[in-house]
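Student: Each chain is listed here by its residues.
Protein chains: 2
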Amino acid sequence: MTGKVKTRDRILKTALALFNEEGEAQVSTVEIAGVLEISPGNLYYHFKGKEAIIEALFDEFEEEIRQVLSAPINRSLSIEDNWIFIYIVFEEINDFRFFYNNLTGILERCPNLRPRFAKLLRLKEETATSILASLEQDGAITCSRAERTALASRFAAHLTFWLQFVSLAASETDRRRIINNGVYSAMMMIAPYVPGDRSDFAEILKDYFSAQN
Amino acid sequence: MTGKVKTRDRILKTALALFNEEGEAQVSTVEIAGVLEISPGNLYYHFKGKEAIIEALFDEFEEEIRQVLSAPINRSLSIEDNWIFIYIVFEEINDFRFFYNNLTGILERCPNLRPRFAKLLRLKEETATSILASLEQDGAITCSRAERTALASRFAAHLTFWLQFVSLAASETDRRRIINNGVYSAMMMIAPYVPGDRSDFAEILKDYFSAQN
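First to last, the protein sequences are chains Z and C. Under this note's numbering, the first residue of the first sequence carries the number 1, and numbering increases by one thereafter. Under this note's numbering, the first residue of the second sequence carries the number 1, and numbering increases by one thereafter.
These aren't lab readings, by the way, just hints derived from the structure by calculation. Hints should not be assumed to be uniformly reliable.
Pairs involving identical chains hold if they fit within one copy or between any two copies, as the list cannot separate such chains.
What the hints assert, rightly or not - Listed next, the in silico SDA-like pairs over lysine to any residue satisfying Cα-Cα at most 25 angstroms (straight line):
#1 Lys6 x Ile84
#2 Lys206 x Thr104
#3 Lys13 x Asn42
#4 Lys119 x Ala146
#5 Lys119 x Ser70
#6 Lys50 x Tyr184
#7 Lys206 x Ile131
#8 Lys48 x Glu91
#9 Lys206 x Arg122
#10 Lys206 x Glu126
#11 Lys48 x Gln26
#12 Lys206 x Met189
#13 Lys13 x Ala211
#14 Lys50 x Leu69
#15 Lys119 x Thr173
#16 Lys206 x Leu12
#17 Lys50 x Arg109
#18 Lys6 x Asn42
#19 Lys206 x Ala152
#20 Lys206 x Pro195
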């Protein structure tokens, strides 16, 4: 039993790395088996096709991202706490970037993932909404209800697509730089709602971001 | 000659419709030929494979989107003018949505499109930057340089990915509703930079948007 569990996990780990590196569409189960030095038949025993592998990887991702998004929301007013939270979300997405890089293609072949992914997007929106509501309550930001709803949607879209946007627009390949850029941009979305001298906050963010890179 | 040009255009028009409806990955050149009631050989005469069709469609899209983004910028302060401009950009993207729905997959198979698409993304950023600079000059918005740069990037990302985000998150299928939602969200990005009573502007946008649907 231990042998089987180990092989299953090794298959998933290898598939994930290959999917992320080369793009899921370019990778076959034969290639995955080859890298692992197991027979295609052995791989088939564990996963009856690439879609089964993708769905198992999605199970793992779904569990991890739910944990991160459901973390007890202790809304400190410090930039550091917010920075780290957004950074971790981007890291999770980056670890499963193959999925985000071919959303439509994968959801076409694995249609049962579609409602589950839609649920994750709505969870991102809900998390953003409660963080914004807490920041509003603490007086850290000033934001009407209409602004908060629209901002939460854009925030969820930003988390979902920013990594892909930066690698396409800037041909940037350093993952850490891409993630830092994503966190900075996410916080700049909130910056205009900080009362008082707003562009001070934007300058603070800019300096903080430059120090990260 | 006229006959050949007509067939070439008919192939592109049919391919575009099929790609948009079913997803580019699901559509074969055999299917396109079948719908047009021409032989696969006849299609091959015009386009030596699906990638050639995709690249010809990209040529058309690139020309159209460049025209829209380079339109003389007559920065009126009216919501209507801004609304229409952003709406047209989203319509262009919607007309070529197959491409945006499988960016990574297509750019992997058509690598010469990668730098051209990166250029389009930067053009979107530049257009956003000059619109914001004009609005700042007219006093319609108050925005520091750092804020403007970050906002222009987010604006370009928003134009690129919003349509896909809405169809995934909300399972919305009415294209007009999706585009209107995109325009509303785009203008809500600018709303916090409007001086004076900011949430008034957000309410105006909300009412305008509801009237469009």
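Student: Name the hints, by number, that the structure is in violation of.
Tutor: 1, 2, 6, 8, 13, 14, 16
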